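Sequence lines, in order, name chains A and B.
Quick note: the first sequence uses the numbering used here, first residue -1, plus one each step.
Quick note: the second sequence uses the numbering used here, first residue 4, plus one each step.
No wet-lab data here; the hints were simulated from the structure.
Some clues are possibly wrong.
What the hints assert, rightly or not - Only part of the chain A face toward chain B is listed, based on derived beta-carbon distances under 7 Å:
(1) Gln259
(2) Phe262
(3) Arg344
(4) Gly347
(5) Arg349
(6) Gly353
As the list claims (entries may be wrong) - Below 27 Å or equal to it, Euclidean Cα-Cα: the simulated DSS-like pairs (lysine-lysine) are:
(7) Lys44(A) x Lys158(A)
(8) Lys350(A) x Lys27(B)
(9) Lys130(B) x Lys78(B)
(10) Lys78(B) x Lys369(A)
(11) Lys42(B) x Lys377(A)
(12) Lys384(A) x Lys42(B)
Said to hold, decoys possible - Here are a few chain B residues that face chain A, going by a calculated C-beta distance under 7 Å:
(13) Val31
(14) Pro43
(15) Glu45
(16) Phe46
(17) Arg47
(18) Pro68
(19) Cys95
Note that the structure is a prediction, hence the values are computed from the model and not measured.
The beta carbon of each residue, even a glycine, is placed where N, CA and C say it ideally should be.
What follows is the residue order along each chain.
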Amino acid sequence: MVGTKDLEAHFEFECKACEDGRCSKADVESILAERKGLKDFYEAFKEHIRECKRMTYGQYMFVIDREVLPEAVLWWHNHPKFKETHMSTAVGTDERPLNGHFAYMPFLNVQVEPFKMDENYWVFLKVYTPADDPSFPSVAAKLPAALWIEREVKDLLGFKPVGHPDPRRLILPEDFPDGVYPLRKDMDYRHSPITEPRTEYRETPEGTTLVPMGPVHAGVEEPAHFRLFVKGEKIVDVDYRGFYSHRGIEKTGEGRLTYNQVLFLAERICGICGYQHSVSYAMAVERLADVEIPDRARYIRTLLLELERIHNHLLWVGIAAHLVGYDTGFMHAWRIREPVMWLVERLTGNRKQYGMNIVGGVRRDLLDYRKEEVLKVVKEIREGTKKFLDIALNTNTFIKRAEGVGILPYKVAKAYSVLGPTARASGRKIDARLDQATKTAMAYHEVDFKVPVYKEGDVLARVLVRMDELFESLWIVEQLIDQMPDGDIFTPIGNLPEYQEALGFTEAHRGEVVHYVMTGEKNKVYRWKVRAPTYNNLPAVPEMLKGYHVADAPIIIASIDPCYSCTERVQFVDVETGKVKVLTEAEFNELSIKYKGVF
Amino acid sequence: MAEAPSHSEKLKSWDRMKVEGFSKKAPVTTPYPFTDIEKPPEFRGIPHINPEKCIGCGACVQACPPDALIMEWDKEHGVKRLTYNAARCIRCARCIEVCPTGAMEPTTRFEIATDNKEDLVEVVEHKLAYCEECGEYLDFTERQIEYVRNILPKEIFDAYALEDRIKLTQEEKMRRTVVKLRELESNVYPAFMLVEKGKEKKGGEE
Ligand code: SF4
Ligand code: SF4
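This is chain B alone, in the form it adopts within the complex:
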């Protein structure tokens, strides 16, 4: 199989005159919309979410100026929903820039007129991870955890004991921290924990 040309090759070889076939008589006009027109490869069309790559991190939602991307949590069913609405999109491509996984894909599509509004919407649903301890859903998705596992070096995992804590709710994490601190006798305790410790000692004496 012949190798596909690289992106910069494509950029170099694209030639409008060849693609659109202008004539001497009509040097800048084409019979569009009766013919198709092809946009150059640099063209910023509407973006498209690749559901296989998206991890549901929400970076794109933060960056999008006109709120064309929305993130919703449905903790009851354990899903996180990323919705893209082409009708609001101003094609600024900020989302493509900030996406950590390359799930936001640029396209050269620009004809989005439709008689059905739903054609303009793309939805990606993610499964939320749940706490190993209490079974409650977490704020982030399973894929986000997977992604963190992949990019963080092993040392950091070890140093912060992340492996044990990554799949816990915030409350559970805090609880465990307290328990751990209690275990370490020689620790300098913050004020709010001293009270607890005092109680504990009393209990022990009894």
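Bound conformation, chain A alone:
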């Protein structure tokens, strides 16, 4: 048995956490006994584990040797008993100013029992790499869920995932020079170098024709470039290039803002699931500060989260109807949705970007006479949606285009760590609202609701999952209004501990949103990592497209409810250097003539 002493002996990094008594190296045994599975992992990898500690409630970290990283991730991901465990995302951090090393850390959402938040937990597997050799064996070679995140840390931090099957550029623009890594601490956030553009598209496979889709998606009106390789009408293979709306938000958050200012930035990551981002971020910081927020604040947050889910599902079903050519459905779905927007506008002060959150609680109270208004809207929506579904699901235009299209089998969904309704339509029993301990920031454990799961995995199943969820959300809202406790809506936070890490998470209407926060000195954020659900869902889209017709591509892509702007968080728009050149009309014409027939 390896005791604490031995752990100490081969622990070689200076870990700041122990100084203020947070690190619980002293009682490794009791930590490992807290949850099922931790002990087994420890036994299996004890030669390579350098440290284990509990970060906060239900979040555990193991510092391991980099050589065993893929085995360790797969040990959890393919755990025979914990079926729905998945690799959620990872974060790369430049910790050179702290300890002279880079750190790469995958997060695993370990599901001992689906929907039991007090049994499930997060595992962080941290590996340190030396500053002059930031390489680690690629997990992506064996697990597609890690494909994008490893390309991301390669782009932004200059890490080297050895053996990565597709090491092309993912995030940085084509005209960004090699060897400049924006998320390293020695790069200033205003710096924005530029060189000759260079594209790295995949070769068109032999015998196929290239059909480019994008750079703007036909229905979602957002930038993403799909390159479909087709044989006749059939899609054989797909290449994807996105991240056209990368904004450098993470870097800005680390650079000059205080923790409360970052919150408002977090809300503006996405125009659709903004509130989920803001709650996740607030939750991470509240965990770090170790405060309990008042019950009333938790209820108000949950209420708004659910209202957001309701209007977003209606928005999505409208777009889906539009994409299959059923525009009547589109108009009606959006008509039904509008009263929710009006309601939140009156509850919070805006239709979107509620600005309701603050670290430690919420900013506006729910006036009592408003409760009736909420219930009235809920009733309206329920009736409206029922009627709408009655008609839409009996419309052949809709059904024929959705049934049996874009099938995503369970195995593929799990390998790519697909999340949210897309995953639930493929039979995965996951829902971050209940799976992990959201109870510190939200009130989901105090209401009763079901999580709909379908097995078919096609577009129709995704529609049905979302619509079932919508009715559950309406039911949750009614319960929340009924149970709304009295009291304060805000607790002061005080100072944050330095160099601590925690996760905040919640279920957006497209999957689990994860915010990782590492605090720095003086209440600043040292590292802030945002993972929107589309980040996990989008890499699986090529798998859904293969074998279907070109005409089905828009609806298949839209069926995951993609949101490019929050996936891509991070472009260096630089106002000062003004490097962006606008072409005059004459120049433009000249170029068009020169490249005639090339593009």
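Let chain A serve as the given structure and place chain B with the ligands on it in line with the hints.
Showing chain B with the ligands alone in chain A's frame:
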């Protein structure tokens, strides 16, 4: 004159259906922008600085996430300039929350599109207070001093002898402290002052 309804009355009575006049045929759409639309009283529009109330404390500047509010000092001319730029503002209303005097006023304005960038900017200039002793400008405004006078209870003023010191530069304040300490013979002096005291004594002996 009839009394204006209170804010909560206004909130209660505002009715979108009445204001926007939706018809059965178009239950959620209006001919906007060909008609005006009115936002509910809760709406968070762009804020507006009331120059009469603002004291130039800068609390709003500290809180503003996207740097839509900027504070500049012009010590040569003795002004402190608070600039609000609606183009950068994300309408989070943090400034309204933190403003101690209520000078940041919420509005329900949301249409800020313009063909002249200067329409988006609001500037409030404050006179800086100056030192009674040396005449140099201080870091804070006359209104800030006024405000401090008004909110602090008399006892605190007396206890710290603030009335004499409030209008002095930092250096002047320090100088006066030293002088005062020297005057008090029985005081336990910190090390750096002992040197001075020794000198003084020597001088006295001579
Ligand atoms: S917080 Fe209020 S009083 Fe202070 S500078 Fe801003 S607007 Fe003026
Ligand atoms: S509303 Fe927010 S963004 Fe606008 S000036 Fe105030 S604090 Fe700044």
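Each hint, compared with the structure:
{"no.": "1", "hint": "Gln259", "verdict": "holds, 4 Å"}
{"no.": "2", "hint": "Phe262", "verdict": "holds, 4 Å"}
{"no.": "3", "hint": "Arg344", "verdict": "holds, 5 Å"}
{"no.": "4", "hint": "Gly347", "verdict": "holds, 4 Å"}
{"no.": "5", "hint": "Arg349", "verdict": "violated, 9 Å"}
{"no.": "6", "hint": "Gly353", "verdict": "holds, 5 Å"}
{"no.": "7", "hint": "Lys44(A) x Lys158(A)", "verdict": "holds, 25 Å"}
{"no.": "8", "hint": "Lys350(A) x Lys27(B)", "verdict": "holds, 26 Å"}
{"no.": "9", "hint": "Lys130(B) x Lys78(B)", "verdict": "holds, 10 Å"}
{"no.": "10", "hint": "Lys78(B) x Lys369(A)", "verdict": "violated, 53 Å"}
{"no.": "11", "hint": "Lys42(B) x Lys377(A)", "verdict": "holds, 24 Å"}
{"no.": "12", "hint": "Lys384(A) x Lys42(B)", "verdict": "violated, 30 Å"}
{"no.": "13", "hint": "Val31", "verdict": "holds, 4 Å"}
{"no.": "14", "hint": "Pro43", "verdict": "holds, 5 Å"}
{"no.": "15", "hint": "Glu45", "verdict": "holds, 5 Å"}
{"no.": "16", "hint": "Phe46", "verdict": "holds, 6 Å"}
{"no.": "17", "hint": "Arg47", "verdict": "holds, 4 Å"}
{"no.": "18", "hint": "Pro68", "verdict": "holds, 4 Å"}
{"no.": "19", "hint": "Cys95", "verdict": "holds, 5 Å"}
Violated hints for the displayed structure, listed by number in ascending order: 5, 10 and 12.
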